[in-house]
Amino acid sequence: KAGVTQTPRYLIKTRGQQVTLSCSPISGHRSVSWYQQTPGQGLQFLFEYFSETQRNKGNFPGRFSGRQFSNSRSEMNVSTLELGDSALYLCASSSGGGETGANVLTFGAGSRLTVL
Amino acid sequence: QKEVEQNSGPLSVPEGAIASLNCTYSDRVSQSFFWYRQYSGKSPELIMSIYSNGDKEDGRFTAQLNKASQYVSLLIRDSQPSDSATYLCAVRLPDSTLTFGKGTMLLVSP
Chain F
7 KAGVTQTPRY LIKTRGQQVT LSCSPISGHR SVSWYQQTPG QGLQFLFEYF
57 SETQRNKGNF PGRFSGRQFS NSRSEMNVST LELGDSALYL CASSSGGGET
107 GANVLTFGAG SRLTVL
Chain V
2 QKEVEQNSGP LSVPEGAIAS LNCTYSDRVS QSFFWYRQYS GKSPELIMSI
52 YSNGDKEDGR FTAQLNKASQ YVSLLIRDSQ PSDSATYLCA VRLPDSTLTF
102 GKGTMLLVSP
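Line by line, the protein sequences are chains F and V.
Numbering-wise (the numbering used here), the first sequence opens with residue 7 and increments by one.
Numbering-wise (the numbering used here), the second sequence opens with residue 2 and increments by one.
Excised from the complex, chain V in its bound form:
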């Protein structure tokens, strides 16, 4: 069973703080990793993709990948109330299937 694990939350942070979202995966040969954001009642939208070990930054978002530890994280700097959503970690398996975690709910309070 190929699994992607996330803490369901909610993760509550004050406005302006750094939100740290974590994800672990079980299939060691996975090569592609994604973070999607899903607002309540909406469909998931891609925030970040990361393929190599290390950090990848895009605006207020930083994705971090550690393949040896099978760990992916997403940092959101200067969190805003509009960032309140469920964040889904997704892992591309060797058969090209994209497997999702159940998501972490983030709540940013003004």
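The shape of chain F in the complex, shown without the other chains:
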């Protein structure tokens, strides 16, 4: 079955702009998590959505937001971009239920954002 699809794969923005990234999870998966990956900080958790509700949120400023649609697709938005927002943004999906293995994340290829 199809994996996790992220678009766009690469994008370049300038400071002060905003950006929207999209993620389509594996079919049947209801949980979508977003991570920011940088060389210095590694993978840092942004937020998780499950059945259109934000279930968890990491320690990022309010400029970072997200949402999930009824078909489980998710978007994240970063407003007022800063140079430090340059990173690989990874989306991961899981079934999100209570059964064993439901919390195993499968990652997409990522969206690499460069802020100039």
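Quick caveat, the hints were computed from the structure, so don't treat them as lab data.
Note that CB positions come from ideal geometry on N, CA and C, so glycine has one too.
Misleading hints may appear alongside valid ones.
Derived CB-CB ranges, DEER-like [said to hold, decoys possible]:
1. F:L17 to V:K43: 15 to 21 Å
2. F:E88 to V:D79: 41 to 47 Å
3. V:P82 to F:G46: 25 to 31 Å
4. V:P95 to F:G46: 24 to 30 Å
Now the stretches of chain F that chain V is said to cover, found in silico as 3 or more residues with beta-carbon under 8 Å [what the hints assert, rightly or not]:
5. 19-31
6. 80-89
7. 109-120
Got chain F sorted already, so can you dock chain V onto it with the hints?
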């Protein structure tokens, strides 16, 4: 602050040797533990998950969990150059958040 600690490496081993990767975590109530592999320029992919104390084997990979010591390890037997990658330890917190260590870079030389 819930933390997952890994030695950044690089860990260098010759082809055919056993590579041992270690991880410690701070939240004692964590119940689920994962090892992901990430090749340069690629996204992380799951290698192993472990939920109970002891060893879990899958091919050349063995995950070891010691909850009392808050310690997780990954052993790679008969290491191959294709195993050269960054290995990420991840811990599922009680709120279901998956927290990652910064990863250990493994280099397997022919």
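Quick rundown of the hints versus the structure:
1. A hinted range of 15 to 21 Å holds for the C-beta pair L17 (chain F) and K43 (chain V), which are about 18 Å apart.
2. Against the hinted window of 41 to 47 Å, the Cβ-Cβ separation of E88 (chain F) and D79 (chain V) comes to about 46 Å, which satisfies the hint.
3. P82 (chain V) and G46 (chain F) have their C-beta atoms about 27 Å apart, which keeps the hinted 25 to 31 Å range intact.
4. Distance hint check for P95 (chain V) and G46 (chain F): the Cβ-Cβ separation is about 28 Å, which falls inside the suggested range of 24 to 30 Å.
5. Figure legend: the stretch 19-31 of chain F, annotated as covered by chain V; annotation inconsistent (0 residues with Cβ-Cβ distances under 8 Å, at least 3 required).
6. Counting residues of the stretch 80-89 of chain F whose CB lies closer than 8 Å to any CB of chain V gives 0, so the stated coverage by that chain is violated, three being the minimum.
7. Under the rule that three or more residues need a Cβ within less than 8 Å of chain V, the assignment of the stretch 109-120 of chain F holds, with 8 such residues.
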